[in-house]
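Engineer: Under the numbering used here, the first residue of the sequence shown carries the number 1, and numbering increases by one thereafter.
Any given hint might turn out to be false.
[To be verified] FRET-style restraints, in silico, Cβ to Cβ:
id, residue 1, residue 2, range
1, 227, 18, 16 to 22 Å
2, 148, 112, 38 to 44 Å
3, 112, 27, 22 to 28 Å
4, 220, 45, 19 to 25 Å
5, 9, 234, 44 to 50 Å
6, 188, 142, 33 to 39 Å
7, 26, 157, 44 to 50 Å
I should point out that these hints are in silico values taken from the structure, not numbers from a laboratory.
The beta-carbon is built from N, C-alpha and C at its ideal position, and this holds for glycine as well.
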Amino acid sequence: MPRMLDVSEDVRAEIGDEEAERLLAGDNAPGSYDCTSCRTPGDSEQERTSTVLFVGEETAVLAFAHASCIPSQVVQVAEEQLQGAVRSITGEEPAGGPEQAVLGITSGLVLIEGDLHPALVVEPTVPIARPGSGGSSDEFLPLLIEQGFVPVTDMGRLPSVLPGWSVLLAMGQLHAVLQPGTGGSGSVSWWQAHQPLQVTEGWRAAANKSQRVLVFAVPVGVIGQQPREDLLRDALEKAAADGRLVAAAMPLAGT
Numbered sequence: 001m002p003r004m005l006d007v008s009e010d011v012r013a014e015i016g017d018e019e020a021e022r023l024l025a026g027d028n029a030p031g032s033y034d035c036t037s038c039r040t041p042g043d044s045e046q047e048r049t050s051t052v053l054f055v056g057e058e059t060a061v062l063a064f065a066h067a068s069c070i071p072s073q074v075v076q077v078a079e080e081q082l083q084g085a086v087r088s089i090t091g092e093e094p095a096g097g098p099e100q101a102v103l104g105i106t107s108g109l110v111l112i113e114g115d116l117h118p119a120l121v122v123e124p125t126v127p128i129a130r131p132g133s134g135g136s137s138d139e140f141l142p143l144l145i146e147q148g149f150v151p152v153t154d155m156g157r158l159p160s161v162l163p164g165w166s167v168l169l170a171m172g173q174l175h176a177v178l179q180p181g182t183g184g185s186g187s188v189s190w191w192q193a194h195q196p197l198q199v200t201e202g203w204r205a206a207a208n209k210s211q212r213v214l215v216f217a218v219p220v221g222v223i224g225q226q227p228r229e230d231l232l233r234d235a236l237e238k239a240a241a242d243g244r245l246v247a248a249a250m251p252l253a254g255t
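Full structure from sequences and hints, please.
Structural biologist: Next up, the structure:
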């Protein structure tokens, strides 16, 4: 079934006419998707949908967004950011065009040691493979552990601070999670909002009070979209019990 897709000329130039026509015909486009801008569900059969192509030095990622959120466009991002979010492509483009993957982030408050702490939960949309491995297994958590994240077995204990990482908040909106650059080059974006994400007043107040944000990460399909913070906490508890949760505390950058 044809999709209600917008494919800009810039995106078409990158992916080629043949791939663009396949998308418009519905061959390679998803029906439902999580908007890469506002992170809420969308349906390309029912509403105008933008194709958004994230391009690094070597990797391209095709994502989808509500047309009311952002127009179809090509977004240049750091290769490191893409490699942290997509299954590695070993010298070949996968059938059907660029791999589609996004790091989804959910914000919420979690109660630990008697205090409410601002938290972010990171969950990719596809399994993440180690660069060059061929994509045979999900290496998202091992890769994060190598970066300094710590496995969580008890949600009642605060994770330790991860040096060099921070969470960027500006004008009360979430903009990015920053990691140390290579070779002492300062901070680079590990995750970046393509449109600043709103957080609740309670979340922002807790972040300003503690000046730290707890960042939890899980493999694809572990948490999903949880409509309430108590359900999010339950899902985190289960992920910890299953050995599928890592975390780190990060200083708050901005206000």
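Engineer: So, for every hint listed, does it hold in this structure?
Structural biologist: Now for the hints, and whether the structure bears them out:
no.	hint	result
1	227 - 18: 16 to 22 Å	violated, 40 Å
2	148 - 112: 38 to 44 Å	violated, 19 Å
3	112 - 27: 22 to 28 Å	violated, 47 Å
4	220 - 45: 19 to 25 Å	holds, 23 Å
5	9 - 234: 44 to 50 Å	holds, 46 Å
6	188 - 142: 33 to 39 Å	violated, 21 Å
7	26 - 157: 44 to 50 Å	holds, 48 Å
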